[in-house]
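Student: Sequence:
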Amino acid sequence: MSSCTVLGSVALNYGASCFEGLKAFRHEDGQVKLFRPQENAARMNYSAAAISMPEIPEEMFLEACHKAVAKNLHLVPPHAPHGSAGSMYLRPLYFASGPQLALVAPNEFTFIVYVTQTGSLYGTAGGKAPAVDAFVIEDFDRAAPQGTGTYKLAGNYGPALRHMAQAKKNGYPITLHLDSKTRTFVDEFSTSNFAAFKKASSPVSTPTLVVPKSESILRSVTTKSLMDIAKSFGWNIEHRPLKFQEVVDGTLEEVFACGTAAAITPVRSITYTAPGGELKKVSLGDGQNAGPNTLKLLAELTGIQAGNREDKFGWTWPSEGVDASKA
Numbered sequence: 001m002s003s004c005t006v007l008g009s010v011a012l013n014y015g016a017s018c019f020e021g022l023k024a025f026r027h028e029d030g031q032v033k034l035f036r037p038q039e040n041a042a043r044m045n046y047s048a049a050a051i052s053m054p055e056i057p058e059e060m061f062l063e064a065c066h067k068a069v070a071k072n073l074h075l076v077p078p079h080a081p082h083g084s085a086g087s088m089y090l091r092p093l094y095f096a097s098g099p100q101l102a103l104v105a106p107n108e109f110t111f112i113v114y115v116t117q118t119g120s121l122y123g124t125a126g127g128k129a130p131a132v133d134a135f136v137i138e139d140f141d142r143a144a145p146q147g148t149g150t151y152k153l154a155g156n157y158g159p160a161l162r163h164m165a166q167a168k169k170n171g172y173p174i175t176l177h178l179d180s181k182t183r184t185f186v187d188e189f190s191t192s193n194f195a196a197f198k199k200a201s202s203p204v205s206t207p208t209l210v211v212p213k214s215e216s217i218l219r220s221v222t223t224k225s226l227m228d229i230a231k232s233f234g235w236n237i238e239h240r241p242l243k244f245q246e247v248v249d250g251t252l253e254e255v256f257a258c259g260t261a262a263a264i265t266p267v268r269s270i271t272y273t274a275p276g277g278e279l280k281k282v283s284l285g286d287g288q289n290a291g292p293n294t295l296k297l298l299a300e301l302t303g304i305q306a307g308n309r310e311d312k313f314g315w316t317w318p319s320e321g322v323d324a325s326k327a
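At position 2 of the sequence shown the residue is numbered 2 (this note's numbering), and the sequence of numbers has no breaks.
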């Protein structure tokens, strides 16, 4: 690809670019397996359709991911309980690469997969999960109603970076977005989905996992997996529009961020701007640590990913492990 082609590409000029994120883990027997790559293939095609790009065949997507990992098997961190030693992060990238200044659907494309070693985004992978403080961004809308928030497009993330950086400078490592139309419903965190447990009516109550539902929320593979795990535990699941007032009123006792990069990140407080400009802090759980239900989900998810627990869902791929000879 020439530099002139890159400069004139539809991706660089008009943002026709989407991407994915998934991980590969080394199991105790030495095998390396990817976590639910078929789901990422489907989501990439969902995003591609939004920017007038053709589907990538699932077989091609899986083969590219397999080759990228196989060529770099020596970089996959060693096995550890719950994936606490880290993993290999895969970044499939799909963009309109042809030189074209006219505002019409692109006709030339590039699909690549690259990899890197990684831990969790906030250092919360493994058996322990230190909780973080969150801040509600209210002077910037992540996604417009009926816009592109549900797609994993490159352009969705750049505009949020300065707001995330300012929040981090103020002591908030993670930021939360409300719906753009009314600013009364929870959408998601800047880097990951939002999920929570309702406050139990008694110590023996069945846990209820609440996941916000909105057309502006990214379709998270991790969140989908956690809902399946919760269902297997016999827990209740509420996938519905979630009013931010429920957070303020104390209806929720455990809140966490969930996504490929963040894994499960418990949130111990959420600070928001009240009418009049006053900052108000809502403490969650004991105000310091991850709650027991969150930790149980984390242990099951990371246990499956790292091969320490039975993969009864058939999520890890390939079943025989990545074959270095097919690099």
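Where hints are given, some of them may not hold.
Claimed, not checked - Straight-line C-alpha distance at most 30 Å; calculated DSSO-like pairs for lysine-lysine: (1) K199 with K71; (2) K181 with K71; (3) K213 with K198.
As the list claims (entries may be wrong) - Simulated restraints on C-beta separations: (4) F313 with R183: 33 to 39 Å; (5) T116 with K280: 23 to 29 Å; (6) K169 with D311: 22 to 28 Å.
Bear in mind the hints are in silico, worked out from the structure with no lab data behind them.
Ideal placement from N, C-alpha and C gives every residue a C-beta, glycine not left out.
Student: It remains to establish, for every hint, whether it holds in the given structure.
Tutor: Quick rundown of the hints versus the structure:
| no. | hint | verdict |
| --- | --- | --- |
| 1 | K199 with K71 | violated (47 Å) |
| 2 | K181 with K71 | violated (46 Å) |
| 3 | K213 with K198 | holds (16 Å) |
| 4 | F313 with R183: 33 to 39 Å | holds (36 Å) |
| 5 | T116 with K280: 23 to 29 Å | violated (39 Å) |
| 6 | K169 with D311: 22 to 28 Å | violated (41 Å) |
Hint compliance for this structure: hints 1, 2, 5 and 6 are not met, and every other hint is.
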